[in-house]
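Trainee: Sequence:
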Amino acid sequence: MRHFLPNGQELLIRPATLEDAPALLQNFRRMVQETDFLMYTMMEAQSLDVQSERGFIQSFADNSRHLLLLAEVEGDIAGSVSVRQSAFRKQQHMGEMGIAVRHAFWNMGIGRRLMTAMLRWAAEHPVMEIIYFNVLANNEKAIQLYRNFDFIECGRQPAGIRQPDGTYVDLVHMYKRVK
1 MRHFLPNGQE LLIRPATLED APALLQNFRR MVQETDFLMY TMMEAQSLDV
51 QSERGFIQSF ADNSRHLLLL AEVEGDIAGS VSVRQSAFRK QQHMGEMGIA
101 VRHAFWNMGI GRRLMTAMLR WAAEHPVMEI IYFNVLANNE KAIQLYRNFD
151 FIECGRQPAG IRQPDGTYVD LVHMYKRVK
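With the working numbering as the guide, the letters of the sequence shown map in order to residues 1 to 179.
Hints were generated in silico from the structure; no laboratory data involved.
What you are looking at is a predicted structure, and each value in this text was computed from that prediction instead of being measured.
Just to be clear, a hint being listed does not mean it is correct.
Computed spacing ranges between beta-carbons, pair by pair [what the hints assert, rightly or not]:
#1 Leu48 <-> Ser86: 20 to 26 Å
#2 Ala104 <-> Tyr40: 17 to 23 Å
#3 Ser86 <-> Gln46: 27 to 33 Å
Cross-link-like lysine-lysine pairs, in silico, DSS-like; alpha carbons within 27 Å at most [claimed, not checked]:
#4 Lys141 <-> Lys176
#5 Lys90 <-> Lys179
#6 Lys90 <-> Lys141
#7 Lys176 <-> Lys90
Every residue gets a Cβ at the ideal spot worked out from N, C-alpha and C, and that includes glycine.
Start from the sequences and build out the full structure, keeping to the hints where you can.
Mentor: Next comes the structure, spelled out in structure tokens:
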């Protein structure tokens, strides 16, 4: 799907390929450096390599029940969204989402475009009924984006995240029925 950003640049939302592994890994490491809103620490991100990133991408390519989309701005990966359907039969109606956008591309509508594409995919999925995820309570812009898509808070884990500086942040559980 092709879109245009407010600055006139072209945005492409597309499935990830194995050839994206080096750029996707570099992008992920950049995002971990830029924000504490992700679950990974820099040390964990540095332990990943291109081979493990290829394995990550392949795990989505090998399973039509999962989704991995990239947001690309003029050849540069700006963000991604993923959904993994549960392996447990009793939970296969649920998919866990992860989404991230590089700081340089915040407030340009990329998260909204990724969410729209993901929700369209989920609505067409043969058994997916619920999308759920966790978000840090202090990530107010992301929570507002999710609320704009009718996701609702269904729980909160007090002090669910301990940041590298030793501070604690609640972990907010959110979900949406897609059908």
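Trainee: For each hint given before, does the structure comply? Return the numbers of the non-compliant ones in rising order.
Mentor: Violated hint: only 6; rest satisfied.
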